[in-house]
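Let's have the full structure, built from the sequences with the hints guiding it.
Protein chains: 2
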Amino acid sequence: MDMHELTRELQIKNKTKIVMLVGDGLGGLPMTPDGKTELEAAETPNMDALAAKGVQGLSIPVKPGIAPGSGPGHLGLFGYDPLKYQIGRGALEATGIGFEMQPGDVAIRCNFCTLDADGNIADRRAGRIPTEESAPLAISLRQIQIPGIEVFVEPVKEHRFVVVFRGPGLGGNVRDTDPQATGVPPLEPEAVDEGSRKTADVARQFLIQAREILKDETKANFHTMRGFAARPDLPSYEEVYGLKAAAIAVYPMYKGLARLVGMDIVGEATSLDEQMQVLKENWESYDFFFIHFKYTDSTGEDGNYAEKVKRRVQLDACIPAITELGPDVLIVTGDHSTPAYLKSHSWHPVPTLLVSDCCRPDPHTSFGESQAITGGLGQFEAQYLMLLALSNAGRMGKYGA
Amino acid sequence: MDMHELTRELQIKNKTKIVMLVGDGLGGLPMTPDGKTELEAAETPNMDALAAKGVQGLSIPVKPGIAPGSGPGHLGLFGYDPLKYQIGRGALEATGIGFEMQPGDVAIRCNFCTLDADGNIADRRAGRIPTEESAPLAISLRQIQIPGIEVFVEPVKEHRFVVVFRGPGLGGNVRDTDPQATGVPPLEPEAVDEGSRKTADVARQFLIQAREILKDETKANFHTMRGFAARPDLPSYEEVYGLKAAAIAVYPMYKGLARLVGMDIVGEATSLDEQMQVLKENWESYDFFFIHFKYTDSTGEDGNYAEKVKRRVQLDACIPAITELGPDVLIVTGDHSTPAYLKSHSWHPVPTLLVSDCCRPDPHTSFGESQAITGGLGQFEAQYLMLLALSNAGRMGKYGA
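In the order they appear, the protein sequences are chains R and F.
Under numbering that gives the first Met the number 0, the first residue of the first sequence is numbered 0, with each subsequent residue one higher.
Under numbering that gives the first Met the number 0, the first residue of the second sequence is numbered 0, with each subsequent residue one higher.
There's no promise every hint is true.
Same chains, same names: a pair is fine if it fits in one copy or spans any two.
Below, a list of computed lysine-lysine pairs in the DSSO-like style, where the Cα atoms sit at most 30 Å apart [stated by the list, open to error]:
hint : residue 1 : residue 2
1    : K35       : K397
2    : K397      : K218
3    : K342      : K12
4    : K35       : K52
5    : K279      : K293
6    : K342      : K243
The set of hints was computed from the structure by calculation and includes no laboratory data.
Laid out in structure tokens, this is it:
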């Protein structure tokens, strides 16, 4: 059974406030067999104080042994079964830059590239052409016309831009045209299924016109298309949980994810301090706040253990700004682990902390992987975290008579 | 979602080696309330050393409270949902003696029996007739002809043999003909479903001819049929995991189980020492090794606590022969518990140990039921163990963008 069938039926509205603080890639590994994880090595007095009052456990992002991308990682935290709901890269990117995809839209991540005289790719990213040069090029592609299709072109950053096709009968399963190599020509867009044939045709027409428009540009005389994706059909937080939800994120992808589940993107914070300011300013207007902190992940991806430890300290330092607002439920978690040891997302379950006045505390007085193993929340699939949030906020009625 | 949909998509090939050492019926119970389980009572210095480096937990063979047979117990460990994939005894037995069942085949375990003058069963196992006498009798049944059906008869051991029917439209759901009692006649084969009617008919024809062929034999003048089973349709390890897998087992049933998931049966070991030799000889040729040790189960079935403890010590002693080969992932587990106290398979979750360079160790320094309760793997369904094995070996990509 989809848990949302239950939450739709059992949801209760009240005045409580729920805060979910997501340290991206929060979980980690020791660098040596006897070492500590990044979280354990970090001085986190505020989280430790929360641990003493609250209950912790380990969140399994998808299923044991599965390392998720940001999409499934966050969908799980938001309570959407990440094996049922899947979001393609294009849809993520488009939504992340503020483009509001409509049902039926197909979004594509595009990279400007440089072709040599033979039409082979010389540089897959057009020398990471600066945004101020690439944005006008992207905008020049808006002149492309395809009969029966509305076309949107949005600059992103450096060599990246997004194309969205809107029209009837467009499926999202088309193969990338980036050959992932230089010295060869870009690939043709090929439909993976019958329902995406029209999309592949439209993409082909787009590429023919783009080649003509860009042909005399020296830095970026063509582009590739990757991550074709239809807009996923996700029910909203308001509908499934009865929550008016706000997302306070810095990076486009996480804003995009939040927008897909119907959260409002509030503020234009560029740092954790500014995010705390935005939280305070919007406190009265929302029931639920998703706060995203990127650097616990990116430092792990870089394999920079010491920096990852520092970022956990930084995350810890924002806790008082949240607690002084008096949330009824405060959750600290991550969408997956990103151990510096592996330099990548991993499958390891994520330390997760929940504090409310009725959370049944466990005996732990600090927050970390080793504590979470024997924490009161046990090991649980991330998709159940929102049920715990709602219940701890008094927002879920009893199931069955 | 079937996890194999994911593993097919996410599998990565590399040079890592995974070893799964299965102590059949590994888990146990104390004989008295304050006692130790068999595993806890055993001196297992090698497993304890692994526990210090690795992570342990409790594997739930099927679902909490379900005691599995060998079939579902192993399917779970192999990563095949044991509630989705079911293997009948006949199919197990046939595969275990080296008979390669084809899709559509139906296999039946047969027992020679002795009928009295009235046609009632006098001895359900024909006095456990020695193999050298029963094999020629089984072979004499190969003269049986049934129009449109290919019939195979294979001797097994003592009173046991296997019959396989091959032909179109044969279902596997037919009731046993063994009445489980003496002084009564054998039962007729009855189809349980429409699709198995033809099989029941074929079995009836087989039994009529067999009765005629055996009628003058003094020790075994008839046979019963049990465990009718079609060949289960299991995808292979190679396909779902990208693993070239070898099974090193002594007993036919476990070889059969491994063959059903596409493992190669390597060596002809008759002892754990010989199994270690076979492992070493085949180390370079395979990615994955399933090593099966029977006696941790059979001693439990006998209710022999002391002997079961010894068998755990014996299992422990083989660990150095494995570790000196340098596996990237080493798993020690069981297909279920077989507490001497219960003299049977049980539902209790099974202590399971995983060692790799990125397993996120837990604080435990010995291996046993009490430690596994608070181990880092938590309690998990056996069907996810292969996902953990693959991830720890770097053989699974990230799910989703």
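Exercise. Are there hints from earlier that the structure breaks, and if so, what are their numbers?
Worked result: 2
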